Amino acid sequence: MKSLFRFPGTATVAALGLAFLYLPILALLILSFNENDLITIWTGFSARWYRAVFTNADMLQAARNSLIVAACATLFGTAAATAATLGVARARAAWKAAVEGLLGLPILVPEIVTAVALLLLFVFVGFELGLLTVVIAHTVFCIPFAYYPIRARLAGLDPALSEAAADLYADPARRFLRIELPLLSPGIAAGAMLAFISSLGDFVITYFVAGPGATTLPVYIFGMIRIGITPEVNALSAVMLLASILLITIAFLLGRHSDKQSDKGNG
Amino acid sequence: MRRRGLAPAAPAALFLLAFMVGPLLLMLYVSTLERGAFGGVVWDAHSLAAYEKLVFERDLVGRLALNPDYLAIFARSFQLAAITTTVTLAIGIPTALYMTMLPPRRAAQLLFLITVPFWTNLLVRNFAWILLLRNGGPIDGMLNRLGLVSGPIDILYTPFATGIGLVYSFLPYMILPIFVAMERIDRRLIEAAFDLGANRLRVLTRVVMPLAMPGIVAGGVLVFVPCLGAYVSPELLGGAKSMMIGNLIQAQFGASRNWPFGAALAMVLLVILLMGLGLLALAGRRRKSA
Amino acid sequence: MTDAITIAAVRKQFEGSAHPALGGVSFAIRRNEFFTLLGPSGCGKTTLLRMIAGFEEPDEGDILLDGRSVLGLNPNRRPVNTVFQSYALFPHMTVAENIAFGPEMLGLKRAEIRERVARMVALLRLDGMADRKPRELSGGQQQRVALGRALAAAPKVLLLDEPLSALDLKLRKEMQIELKRLQQETGITFVFVTHDQEEALTMSDRIAVMARGEVMQIGAPVDIYEYPANRFVAEFIGDTNLVAATCIARDGAAGRFALAGGAEIVAGDAAAVAPGTEVTLAFRPERVTLGGSLTAVMRHAVYLGTDALLHAGLPDGSVLRARLRAGGVSPPAEGTAVGFGVAPDAVRVFTP
Chain A
2 MKSLFRFPGT ATVAALGLAF LYLPILALLI LSFNENDLIT IWTGFSARWY RAVFTNADML
62 QAARNSLIVA ACATLFGTAA ATAATLGVAR ARAAWKAAVE GLLGLPILVP EIVTAVALLL
122 LFVFVGFELG LLTVVIAHTV FCIPFAYYPI RARLAGLDPA LSEAAADLYA DPARRFLRIE
182 LPLLSPGIAA GAMLAFISSL GDFVITYFVA GPGATTLPVY IFGMIRIGIT PEVNALSAVM
242 LLASILLITI AFLLGRHSDK QSDKGNG
Chain B
3 MRRRGLAPAA PAALFLLAFM VGPLLLMLYV STLERGAFGG VVWDAHSLAA YEKLVFERDL
63 VGRLALNPDY LAIFARSFQL AAITTTVTLA IGIPTALYMT MLPPRRAAQL LFLITVPFWT
123 NLLVRNFAWI LLLRNGGPID GMLNRLGLVS GPIDILYTPF ATGIGLVYSF LPYMILPIFV
183 AMERIDRRLI EAAFDLGANR LRVLTRVVMP LAMPGIVAGG VLVFVPCLGA YVSPELLGGA
243 KSMMIGNLIQ AQFGASRNWP FGAALAMVLL VILLMGLGLL ALAGRRRKSA
Chain C
-9 MTDAITIAAV RKQFEGSAHP ALGGVSFAIR RNEFFTLLGP SGCGKTTLLR MIAGFEEPDE
51 GDILLDGRSV LGLNPNRRPV NTVFQSYALF PHMTVAENIA FGPEMLGLKR AEIRERVARM
111 VALLRLDGMA DRKPRELSGG QQQRVALGRA LAAAPKVLLL DEPLSALDLK LRKEMQIELK
171 RLQQETGITF VFVTHDQEEA LTMSDRIAVM ARGEVMQIGA PVDIYEYPAN RFVAEFIGDT
231 NLVAATCIAR DGAAGRFALA GGAEIVAGDA AAVAPGTEVT LAFRPERVTL GGSLTAVMRH
291 AVYLGTDALL HAGLPDGSVL RARLRAGGVS PPAEGTAVGF GVAPDAVRVF TP
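Residue numbers (the numbering used here), protein chains in the order written: chain A, 2 to 268; chain B, 3 to 292; chain C, -9 to 342.
Please note that the accuracy of each hint is not assured.
What the hints assert, rightly or not - Quick partial rundown of chain B residues pointing at chain A, CB under 7 angstroms, derived from the structure:
id	residue
1	L16
2	L18
3	L26
4	L28
5	V32
6	T97
7	P105
8	T122
9	L125
10	F162
11	I274
12	G278
To be verified - DMTMM-like, lysine to aspartate or glutamate: derived pairs with alpha carbons at most 20 angstroms apart:
id	chain 1	residue 1	chain 2	residue 2
13	C	K146	C	E175
14	C	K99	C	E87
15	C	K163	C	D195
16	C	K123	C	E87
17	A	K97	C	E87
18	C	K123	C	E5
19	C	K146	C	E102
20	C	K146	C	E5
21	C	K170	C	D186
22	C	K99	C	E126
23	C	K123	A	E181
24	C	K146	A	E181
25	C	K146	C	D56
26	C	K123	A	D159
27	C	K99	A	D172
Bear in mind the hints are in silico, worked out from the structure with no lab data behind them.
It should be emphasised that the depicted structure is a prediction, and the values quoted were computed from it without experimental measurement.
All C-beta atoms, glycine included, are put in the ideal place defined by N, C-alpha and C.
Generate coordinates for the entire structure from the input sequences, incorporating the hints supplied.
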């Protein structure tokens, strides 16, 4: 008998969908190894464009900026989100709804609108556009990206665990350090990873609020594409692609590991 | 135990008040200002010129006349967003359904494969399509060699290319929530429907789809909203004729240097989206209570 | 000697709730007793327990521990410990680390902590499990770790919030005996919350029966069972026949009561009832005997193993249940009129 849980045609669409998702990625990876100066003519395999990328001082500076921004925004965003999770969990319903709405706002509002609004603010208060303004802007959207996984983790925990710690004479500080922080850590790690990846990848908001000296990698790539499509852009894009695939794979494997642990915990 | 209360949420909340809510209010204010002679704004001269400009233009003698240029950009944005939502739905629902019916391990693997592009850089992903779609690129070459077309395909820098880029950018946003909703459906409900004599189509239309509806709606919102404000895909893949709202807004802060108009455009986009989401939430609540 | 705990006029109403969770409750729990708060869900028993622990604060009233008010003291400053319904064992710590947590937070010396952990492992028969994580233990073992963790901090009072509800019947019976043993060995005051009357009757020195945020009766298990203070307690604890009747005569403390349809029942203790008063009579099915003046038509018999439960229709339409030893005589046939009797000392009189 054919399984009841099989709907004809869905496998085909899924396969086509997956092919659609990976076709450009594969094309980019392959073309990045093209030896020729012209991107369209394949003349042989070469890593020369990768060498060109890694010796390009501007690009290395942009990469450094990206990492600085992502590290700072992830740190601030995740710390604020972790604290917010604990605060919201214990708040009254009306406050809870208000604060959760506020925390979700950066995801709800279109990026381009956030970008415009932040640019106006920085100009209005006279902040010079630079790495600081980029870090502030990235922290804005890192907060919700970090918040949701941490909240999901907290929702899966028995509220009596905190009470038990209090009952056993732990003051609020030790309750947080010994019980809440270790138990939330898988959610915090996942949230930080999401925040980091989003920050590394952001283009639109950064494009608006980055000053001349604060070019990040995506802004740099955009500039290169604008000037002309060279094999070097291919190689740089491929590097970015591989870096994010690596990061997300690590996040996935870490997440699976901690899922398994907590699954056992429920059993 | 005295409630710790909201205090720990204060840093995040205050930060977002200062750097999210505050800027939006400022944007609203700026949209009611006059533009400066050399760009920027005049901070104390108020006018609704920015909003007026959206619909009207002043002719040489100062009379108002309808100007369809910007409205056309809004219309195109809605059209592209609607088409993108429809196409991602058409791919997303069967794909999510297929994944739901897989053994959990396989489903998790497939889910991972679908999430990977979602986390790679948006700019890079759209750039990859330039390589694929350009005249003389792989698709052009293959179609010509197969004899399906003769001469350049001329797809790049058209609204069609923008559409491909949008679908590509946002497809995972559609699949994920639908999958989550479908996965929550109790398998016994599907078995019960078969047991009561429904065929596969009926099971799908009468049991699976209604129960997955919250996920389908969520997916629709998650695709439509960012599509409407998209900047990267139309900028890289579309030509001058497929400008969307996002590009128009950006242009006001770049070449055109008309900040009040840019702020007004962003405000209109935001208000339209918030009203749409509000209506959707209202409909959702009504459905729940009905 | 002061009481271990005094509850004084405690009131609590939760936000958004129409009825108070506790409507002005007062009583005392004595030192070294096994005290049970018994009642249906929503009666306020868990709220009261959480207030003693410090997880909730009363709106009004006072809670005293050893004669001193603990209002406003956070849970970590109260010398009471809790065994949670979900156990709430710290999943990232081993059994030994869980047990050591309380003593560690109290700032005890390392040697002392080790000694206490060892003592708890022995007391609760957790040998060989000290280095395991909670998820590697069975439900019964987790339960014992939760007990050990709470006792390791040497509380003045141990609070137990339905700790046996997640266990299966056999394990539950074992743990009931185990808990009683622990209480007697440690001499610590136990405050036990349950909705299971059998559990309460088995283990407790005294029971407070609660309903709708009020205490209905406090007493030893035998008092609660044999002399329920009101209709609610009579119905909630054990099986009870309730019949409407009117007082027709008084003879000293005893009273004669007429049922609708003619039958009569004598109650030994009816001193508070004047002739002519309408009352509800309550008596246990196992105190009903065959042979007597209370005539009822046999409906059916349910075989229960040691006993048989007879259902018979009284003239007023209500059902009389009689629990008799099975194995003796076979029950009367359906439809026959049977005479039943009730000893006067078994009948309680409630004025509605």
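Structure-based check of each hint:
no. : hint               : verdict
1   : L16                : violated (9 angstroms)
2   : L18                : holds (5 angstroms)
3   : L26                : holds (5 angstroms)
4   : L28                : holds (5 angstroms)
5   : V32                : holds (5 angstroms)
6   : T97                : holds (4 angstroms)
7   : P105               : violated (10 angstroms)
8   : T122               : holds (4 angstroms)
9   : L125               : holds (5 angstroms)
10  : F162               : violated (15 angstroms)
11  : I274               : violated (10 angstroms)
12  : G278               : violated (11 angstroms)
13  : C:K146 with C:E175 : holds (14 angstroms)
14  : C:K99 with C:E87   : holds (15 angstroms)
15  : C:K163 with C:D195 : holds (17 angstroms)
16  : C:K123 with C:E87  : holds (9 angstroms)
17  : A:K97 with C:E87   : violated (34 angstroms)
18  : C:K123 with C:E5   : violated (38 angstroms)
19  : C:K146 with C:E102 : holds (18 angstroms)
20  : C:K146 with C:E5   : violated (32 angstroms)
21  : C:K170 with C:D186 : holds (16 angstroms)
22  : C:K99 with C:E126  : violated (29 angstroms)
23  : C:K123 with A:E181 : holds (17 angstroms)
24  : C:K146 with A:E181 : violated (27 angstroms)
25  : C:K146 with C:D56  : holds (9 angstroms)
26  : C:K123 with A:D159 : holds (16 angstroms)
27  : C:K99 with A:D172  : holds (18 angstroms)
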